[in-house]
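Take these sequences, add in the hints, and give me the full structure.
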Amino acid sequence: MILLVTTAALILPLLAILAYLVVKAWPVLSWSFLVENPTNYMTAGGIWAALVGTFDVVVLSLAIAAPIGVLAGVYLSEYARENWLTRLVNLAVVNLAGVPSIVHALFGVGVFVLMAGFGRSIVAASCTLAIMTLPVIITSTTEALAAVPFAFREACWNLGASRWQTIRTIVLPNAISGILTGVILQVSRAAGETAPILFTGAVFYMAVPDSGVASWFPYGLYDPFMALSYHLFTISTQVAGASDALAYGTAVVLIALVLTVNLVSIVFRVRLRSRRKW
Amino acid sequence: MASHVIFRNVTVKYGAKTALDDISLEIPARRIFGIIGPAKSGKTTLLRCINRTIDFIPNVRITGEVTIDGEDVFRVKNVCDLRRRIGMVFPLPVGLPLSVYDNVAYAPRMAGMRDRAQLDELVERCLRQAALWDEVKDRLRLLGTKLSGGQQQRLTIARALSHRPEILCLNRFSIAVDPVTTSKIEDVLLELKREMTIVVVSNLVQQVHRLADRVAFLNSSRLIEVGPTDVLFSEHPAHQLTFDYVRGHFG
Amino acid sequence: MRKDLRRQFSTLGESAVEWAIRLCGWSAILFVFAIFFFVFREGAPVLFGELDLKEFFTSVNWRPDSTIRPQFGILALLAGTASVTALAMAISVPAGFASAIFISEFCGPKAREALKIIIELLAAIPSVVWGFIGYMVLNPVIIWTTGAPIGINILNGGIILALMSVPIIMSVGEDALKAVPDAYREAGLALGASRWQVTTRVLLPAARNGLLAAALLGVGRAIGETMAVLMATGHSVRIPHSILDPVRTLTATIAAELGETVEGGTHYRVLFVIGSLLMIISLITNLTADLIVRGVKGRQST
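Protein sequences, first through last, are from chains D, U and W. Residue numbering for the first sequence follows numbering that gives the first Met the number 0, starting at 0 and increasing by one per position. Residue numbering for the second sequence follows numbering that gives the first Met the number 0, starting at 0 and increasing by one per position. Residue numbering for the third sequence follows numbering that gives the first Met the number 0, starting at 0 and increasing by one per position.
Rather than coming from a laboratory, the hints here were simulated on the basis of the structure. Glycine included, every Cβ here is placed at the ideal spot set by N, Cα and C. Treat each hint with caution, since some may be false.
Said to hold, decoys possible - Partner residues aside, some chain U positions facing chain D, computed with beta carbon under 7 Å: (1) 51; (2) 52; (3) 57; (4) 87; (5) 205.
Said to hold, decoys possible - List of simulated lysine-lysine pairs, DSS-like, C-alpha gap at most 25 Å: (6) D:276 x U:39; (7) W:109 x W:177; (8) U:192 x U:145; (9) U:16 x U:39; (10) U:145 x D:276.
Okay, here's the thing in structure tokens:
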């Protein structure tokens, strides 16, 4: 009936588009595409520099955001007293998650690039991405913690366990799957976002060693860098003479990366849901 | 009869609501002390004051003094140590999401006990005391949350005994439990009173009549009457209200 | 003795951990408020000086780099954002609701799980990829089907934004429908109504608030979107006359121009003012959606 048709009308064309992208990218997709650097003013070669740049900036941003976000979530859920301030903070966190990504770019430029003096660099971009992912990590942590029944905490307190002991031994271990799912999802989001890194560090081209150990860690913390998402943007809109296949190839790699990470988080979530202990 | 726990003019307010209104009573050592009264009369709040889990309730104001062996509970140096001196059993059975063994070993481990042999011995002793050992002795690795309701309630009692409390408090322990288990637990309590002071809060007046040596009757946050069980359950308790409540005329 | 020492260390260690937790809590709170505060602050100086607010909101002349007299009218940009969003919502709201109803009411459980996973994966596709699809794939299709001279315009951006907003409308809408108690469904069916009638006459009105919130969140997402519209709607700053006209949105303007501004200059600050405007809009839509949903919960609990 109509509903089935509408739903199919949404899903099928999208699958068709994805298939089309893969087909157009086919001539270029190969292992060397992934591990070679762009050459010839971006009109040929691979995407290695961009891949490694995305990896670096995502890892650094999650290294900042995940510990702070999870601990902040623990604080808000387990320690903070129920008053107007906590309610306000929760409201602010939830709404911050909905802020347009370009506003994060503005914040990043103003605070990290200019005020803190990092310049356009991996550090500035990572910090910007960290601020972007922080609210969602906090929210998924507080939700995961809230899913652990209050009765467990009460039982532990009555047995003479302190608040932290209770959190460490009962609450956190039983919430960790929900927390990890939230963090993994933010990995994929950080890898795919372009706006926050537009002016905080991503550049059109950086010379990166082609091989050897240095090619694995080409960017210093204060260097600008190439990133997969930004690379897709520039190569499709700003490089004349590049073959279409290069752009499609970059798109396909980015989609594959993001979808893989998301699939991992979904599988994780499903498996851990079946192993719940109460 | 030495007094173990003494309440002196204790008033507890949650915001604007009064939960306990100027309560003074003495709980004798090594006896079973029963507390009866209709819903919302302050019975649970009273228990929470003894082991200071009332601290976890927001916006609470407490005046008066609660002492255990003469020591003011609100001035102890280490609250967790205090809580280990008191065992608490709730209305709804709560098995922690750990194995049966780890459930009972939880409190001693949090207190620092590491020795495996000691823990083994303690787990067995507590499960035996709670009349649960025979049913779980081959299944100690089983998840505590997978036991039946009656078994989980006995597990809660075993847990409460695991830190060798001086005072064991039971808050309406038989609500979610079948009559057979209830009767087993009542037998356990009668055994245990040789070693510790027991406080039983119950809506089942007859249960308190069976178990308690001394009874307090609370109504609407006030202590109406306290005295020997025989007196409160006799034809002539000190207050008409007591007579009416015990006979089921209200509440 | 050793046990005492160990206890002392563990209490110390525990205080340290609890302090670390408090610190993280407070710093996260700080960051959260800092964003709002900072973006407003960077744009503020210009509000009391060079920026004529009346001109800002009512003029179509956006000439920030003019050497004679810079003009900062965002009316055309507002029109750009509004037109693309409106078209996107016109497509995605009905489609999203239809799919939400399908998944919630007319779908078997296995198919539902599969569909929900597909939706989730769709929602994960980065916006630059959507922009790419608009720019490379949809562009020639539009030119070919409509005969327009260029294929990056409102139509392109609207379709792309619709595809991007559908997942959130679908998932929040499905939540809203799921929240309607089964008792309603059973009552309707017991009265002899067909599944379709129960859905349209009973469930949709009951889930009205949640569905409205879903639509609002979709709007919020569309307004805030940057890369996709940057690539798919074009660069023309003028009020559009047809859906085949290229436009520029507020978000794309910031993305396109921030790199060229002088730090602290007027153009720079005006872009921050636009950013503040975007933040306010998204705050309002999110808060409204939140309030609407809260209203539902409140009513249902009585």
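Evaluated hints:
Hint status for residue 51 of chain U: violated, given a least beta-carbon distance of 9 Å to chain D, over 7 Å. Annotation: residue 52 of chain U was flagged as interfacial toward chain D, and the flag holds, the nearest CB pair being 6 Å apart, inside 7 Å. Hint on residue 57 of chain U holds. Least Cβ distance to chain D is approximately 5 Å, under the 7 Å limit. Given the 7 Å rule on beta carbons, the hint for residue 87 of chain U holds: about 4 Å separates it from the nearest Cβ of chain D.
Interface hint status for residue 205 of chain U: violated, as the beta-carbon distance to the closest one in chain D is roughly 27 Å, over 7 Å. Distance hint between residue 276 of chain D and residue 39 of chain U is unfulfilled; the C-alpha atoms sit about 33 Å from each other, more than 25 Å. Under the criterion of a C-alpha separation no larger than 25 Å, the hint pairing residue 109 of chain W with residue 177 of chain W is consistent with the structure, at around 16 Å. Proposed proximity of residue 192 of chain U and residue 145 of chain U is contradicted: the alpha carbons are some 30 Å apart, above 25 Å.
About 11 Å separates the Cα atoms of residue 16 of chain U and residue 39 of chain U, which keeps this hinted pair within 25 Å; it holds. Pair hint residue 145 of chain U plus residue 276 of chain D holds up; C-alpha atoms about 9 Å apart against a cutoff of 25 Å.
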